[in-house]
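Sequences and hints are given; from them, build the entire structure.
Residue numbers (the numbering used here): 13 to 329.
Straight-line alpha carbon distances no greater than 30 Å define the calculated BS3-like cross-link-like pairs of lysine-lysine that follow: (1) K255 / K322; (2) K277 / K255; (3) K196 / K172; (4) K189 / K125; (5) K202 / K125; (6) K255 / K283.
What follows is a list of derived Cβ distance ranges for each label pair: (7) I190 / E134: 20 to 30 Å; (8) I191 / S67: 27 to 37 Å; (9) K256 / S67: 28 to 38 Å.
These aren't lab readings, by the way, just hints derived from the structure by calculation. Every residue, glycine too, gets a C-beta built ideally from N, C-alpha and C.
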Amino acid sequence: MQNKMSFTHEIKDEIASADLSYPAIKSLLGAFIKLNGNIVFNKDGDRLILKTETSSTAKYLFKLLKTNFKYLLISFSFLKSMKLYKATEYLVNINQGVKELFEELGISLLENKIPYELQDKEEKIKAYLAGTFLATGSCTNPVSSNYHLELVANDEAYAKALLKMINKIKSIKLDFKIIKRRNKYIVYLKKSDQIASFLAFINANNACIEFENIRMDRDFSNSTNRLINCDSYNYKKTIENAKKQLQDIALVEKKLGVDNIQNVKLKELCKARQQYPEANYSELAQVLSEKLEESVSKSNINHLFIRLRKMVENYEK
Numbered sequence: 013m014q015n016k017m018s019f020t021h022e023i024k025d026e027i028a029s030a031d032l033s034y035p036a037i038k039s040l041l042g043a044f045i046k047l048n049g050n051i052v053f054n055k056d057g058d059r060l061i062l063k064t065e066t067s068s069t070a071k072y073l074f075k076l077l078k079t080n081f082k083y084l085l086i087s088f089s090f091l092k093s094m095k096l097y098k099a100t101e102y103l104v105n106i107n108q109g110v111k112e113l114f115e116e117l118g119i120s121l122l123e124n125k126i127p128y129e130l131q132d133k134e135e136k137i138k139a140y141l142a143g144t145f146l147a148t149g150s151c152t153n154p155v156s157s158n159y160h161l162e163l164v165a166n167d168e169a170y171a172k173a174l175l176k177m178i179n180k181i182k183s184i185k186l187d188f189k190i191i192k193r194r195n196k197y198i199v200y201l202k203k204s205d206q207i208a209s210f211l212a213f214i215n216a217n218n219a220c221i222e223f224e225n226i227r228m229d230r231d232f233s234n235s236t237n238r239l240i241n242c243d244s245y246n247y248k249k250t251i252e253n254a255k256k257q258l259q260d261i262a263l264v265e266k267k268l269g270v271d272n273i274q275n276v277k278l279k280e281l282c283k284a285r286q287q288y289p290e291a292n293y294s295e296l297a298q299v300l301s302e303k304l305e306e307s308v309s310k311s312n313i314n315h316l317f318i319r320l321r322k323m324v325e326n327y328e329k
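Laid out in structure tokens, this is it:
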């Protein structure tokens, strides 16, 4: 049980660090409120309480609400259970503006459907599923051979609405199923490659890589799909790093001029990055080795880019 919760919390911590567009924020909040929102009716105005067992999720919800919905009056609290093995429960309390929030999100706790406006684009579906996982999701640790990821719904109609939305996804195929467990309905995945794909889809990329690495170490096979998610993530990181490096180089060009950089390796690296914006560090090392007619390693490339960043930081002061 501990392994399951530990890996689940890792996923939730990662989801709770993502920067989202306003439409995606609405979808994520709409999903979480639907599943973990409780209204307290009061003659002075209704209150909405959002509950979670992870502090990162509570802080993330508080930040999203506080930043994007200025009319809300929000407070934060927690409950420490005295029962054995019971975790701390964190509460985000919306004390004012509940009606306005529901209208802006287009949601109702009484309806067992997902508003079209929260799922009409794949970006919104990603965010809605991320919010669903934050609210009721769990995933077994990949150390276990019993692969299982689930999203919990309170009733069958809403579980089917989730499944219908998932089936709209065009970029990946996810074979979710529904079962009833006591008085809940479970939307779940059992196939390990699809669990990894789902984690990557909701932008839990580090958890996806950890899941894939542990899984491959334990039961390696010839399936090529197993590496696709890791390769996609590494390529994405390469492009993101290259974009930042090109911005740094542009600033150096403006302030000093790349040709005036005294360190020959750094000067040639800047030119190589401009010529090969999608190259990884191994490829850049090969280019510099041929250009300078000496051995240049990936480690050299990394240290040169650190040196470039420090140069830029001096210009930015």
